[in-house]
Each structure stands twice: as structure tokens, then as C-alpha cells.
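Every letter in the sequence shown is one number past the one before it in our numbering, and letter 24, counting from 1, is 53.
It is worth saying that the hints were derived from the structure and are not from the lab. Among the hints, erroneous ones may be present.
Said to hold, decoys possible - With a cut-off of at most 20 Å between alpha-carbon atoms, the simulated SDA-like pairs for lysine to any residue come out as follows:
no., residue 1, residue 2
1, K49, P59
2, K38, F48
3, K32, C64
4, K38, N53
5, K38, N55
6, K43, E62
7, K49, L67
8, K32, P59
A quick note: this is a predicted structure, and the numbers were derived from the prediction, not measured.
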Amino acid sequence: MIKLENLTKQFSQKQGQTFKAVDNVNLNVPEGEMCVLLGPVRLRQDDDPEDD
């Protein structure tokens, strides 16, 4: 079984703000079951490996 409780993931932005990609998610995937999570793709215009 896979179990997630209160999962939150946020990213820092250049302006000093944060972007919450996932907020307080709970998920149970029983043994033998499959689950796929899909969402929009967000690409920065100024992708620069030095910023990571």
C-alpha cells in the first residue's frame, strides 16, 4: 500500500514568493492497484540551470 497524508509541495520563486504545487493531499493506493496523478505543466520562460 502507498499512503500519503497531508502532503504539501511548494517552490520558491524569484520574487521571493512561493508557489504551492500540491496542498494538503491525502491518498491511499491499495496493494495491487495503480494510480496516476496528472496536472498542468508550468514552464518558466527564463529557464536557467544556474537558478536551481
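Hint-by-hint comparison with the structure:
no. : hint        : result
1   : K49 <-> P59 : violated (27 Å)
2   : K38 <-> F48 : holds (9 Å)
3   : K32 <-> C64 : holds (12 Å)
4   : K38 <-> N53 : holds (9 Å)
5   : K38 <-> N55 : holds (13 Å)
6   : K43 <-> E62 : violated (39 Å)
7   : K49 <-> L67 : holds (15 Å)
8   : K32 <-> P59 : holds (8 Å)
Of the hints listed earlier, those the structure fails to meet are numbers 1 and 6, in rising order.
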